[in-house]
Amino acid sequence: MVTADLFNSLYVFILAAFIGFEVIRRVSPLLHTPLMSLTNALDAIAVVGAIILAGEHKSTLATVLGTIAIVAATSNAVGGFIITDRMLKMFKSSRTQKP
Amino acid sequence: MIPGTEYVIEITYIVAAVLFILALKWLSSPVTARRGVWAGEVGMVLAIAGTLLYRGIVDYKWIAIALVLGAIIGIPLGNVGMTAVPQRTALSHAFGALCVTLVGTAEFYLRAPNVPPFLMSVLSLEVILGGLTVTGSLMAAGKLQEILPQRPITYKGQNFVNLAMLAIAVAIAVRLVLHPEAMVLYPFMVGIALVFGVMMIVPIGGADMPTVISLLNSYAGLSAAAMGFVLNSKLLIVAGSLDGASGFILSVNMSKAMNRSFTNVLFGAFGQVQTSGAAAVEARPVHSATPEEAAAILSAANKVVIVPGYGMAVAQAQHKVRELYDLLTKKGVDVKFGIHPVAGRMPGHMNVLLAEADIPYDKLLDMEEVNADFPQTDVALVIGANDVTNPAARSDVGSPIYGMPILDVDKARTVMVIKRSMNPGFAGIDNPLYYLDNTLMLFGDAKAFVGSIVRELSGGGGHG
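Quick mapping for you: the protein sequence lines, in order, are chains A and B.
Every letter in the first sequence is one number past the one before it in the working numbering, and letter 93, counting from 1, is 97.
Every letter in the second sequence is one number past the one before it in the working numbering, and letter 453, counting from 1, is 598.
Read the hints as simulated data drawn from the structure, not as lab findings.
Worth double-checking, as some hints may not be accurate.
Each computed BS3-like pair below joins lysine-lysine, with the alpha-carbon atoms no more than 27 Å apart [as the list claims (entries may be wrong)]: (1) Lys96(A) <-> Lys301(B); (2) Lys96(A) <-> Lys170(B); (3) Lys401(B) <-> Lys592(B); (4) Lys62(A) <-> Lys301(B); (5) Lys62(A) <-> Lys481(B); (6) Lys448(B) <-> Lys170(B); (7) Lys96(A) <-> Lys475(B); (8) Lys93(A) <-> Lys481(B); (9) Lys96(A) <-> Lys508(B); (10) Lys206(B) <-> Lys96(A); (11) Lys62(A) <-> Lys448(B); (12) Lys93(A) <-> Lys556(B); (13) Lys448(B) <-> Lys508(B).
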């Protein structure tokens, strides 16, 4: 049972890594800073693990660590999305820009 | 508990994973990029909402407090100035890795001493990578914010000490995999990873930050993917591998742009000034020019390429550069920007600063595009960049930057370099570009000098 899960996870990891390489290779160097801040914000999805830890109350340690982890991840998600959007808003083409 | 909630949760996760991939796909062009942020946000909210339905959750109080607190911290972190983006990014790597390390630690103590070997292996990978990323990123952020000294700090046997530390952490991990009941070892493993993170960044200088930030990005992603293995969460594996892949691609790009290997960046401090060469060249003559002369040459040109470097950002000169761009464009001069991959303190940093100054992104060319243009360029104007324009990288086998791809500004008809003084740049390497016959040195502060050129151009009342 545990091994089946592991192999499923490995498949997902390998496929996702390939998709990641192919998709990210196409991102223009122009947008490499927003790329990094966006992937960082997406990485904050780790918050789902932290939410379960903090909510399950299996031990005090788990609740405390989970709560701190939620704070860290949420600030990443919120801050990351805000700054990525702020950066992307600034990129204008000379064709669309008013003279 | 409504039956079927598990399915609802799983479906939100699947939709989130698809949206995350689309988010990065849409980032491939500035036209669709903002849609990508939107997709990411929707995916994140969906996944969090789905998780809150999980029936194992018995108490929402701490979750609610933590979510609100995180949002309160996140808002100012999302609103920092564009020059501070590199340190903000480093800080967010630290936060991401902190979350992963804490969750990994909690999982260990919940499961120990009955941790299956494979699970213990990925858990160790998760917390070692996570731990070193937490402190490493904090160090990088400190150096970028200039709270910590930017210059590399090296000592004898540094690489040996660092490698030995990592080896001990891995040895503890192996021991825990074989004997998870030896729980007392766990804090040592995390502790050593934390110390290793600090020691890893100590010898790294400011000019290497683009590579290091990318590398830490990759570690943060991989540790999150490892966490996905531990929690059996496919969504986390997907997000972690996307982040890991992105960090990896950027690190490879940055290393290539500096003609250095990963190991060279991590294990060979770069910043010592080359004392040997510097003294011999001090007396060589250079040509210099005043703002009036520079303005005259620029307005007579047909094609100008501006090469900005981190010095431009430090001097906050980008808005003056925008005025210069406007005036020259109005006079019918074709102005473009040539941007080296490692200009600035993180990948793509220069593009963001110029976009902030309202320079259209189709005028920002990367190294390959612009190098094809230099032979037909009348004036190359270098502002606050040094090593990335150094022709020694092409010709001088003995130079420490030999082989590094550079912007071939010396192939332009005239090169103008705005520079405070003749001091060598970050890498401490003398730049033969400054002594060429077609090079004019414009001595002064970047912002003030560009300002004087702008005054000359607008005051001269040109003729269309």
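Status of each hint after checking the structure:
no. : hint                    : in the structure
1   : Lys96(A) <-> Lys301(B)  : violated (50 Å)
2   : Lys96(A) <-> Lys170(B)  : holds (19 Å)
3   : Lys401(B) <-> Lys592(B) : violated (31 Å)
4   : Lys62(A) <-> Lys301(B)  : violated (48 Å)
5   : Lys62(A) <-> Lys481(B)  : violated (60 Å)
6   : Lys448(B) <-> Lys170(B) : violated (34 Å)
7   : Lys96(A) <-> Lys475(B)  : holds (19 Å)
8   : Lys93(A) <-> Lys481(B)  : holds (21 Å)
9   : Lys96(A) <-> Lys508(B)  : holds (10 Å)
10  : Lys206(B) <-> Lys96(A)  : violated (44 Å)
11  : Lys62(A) <-> Lys448(B)  : violated (68 Å)
12  : Lys93(A) <-> Lys556(B)  : violated (35 Å)
13  : Lys448(B) <-> Lys508(B) : holds (12 Å)
Figure legend: structure checked against the earlier numbered hints; hints not met, in rising order: 1, 3, 4, 5, 6, 10, 11, 12.
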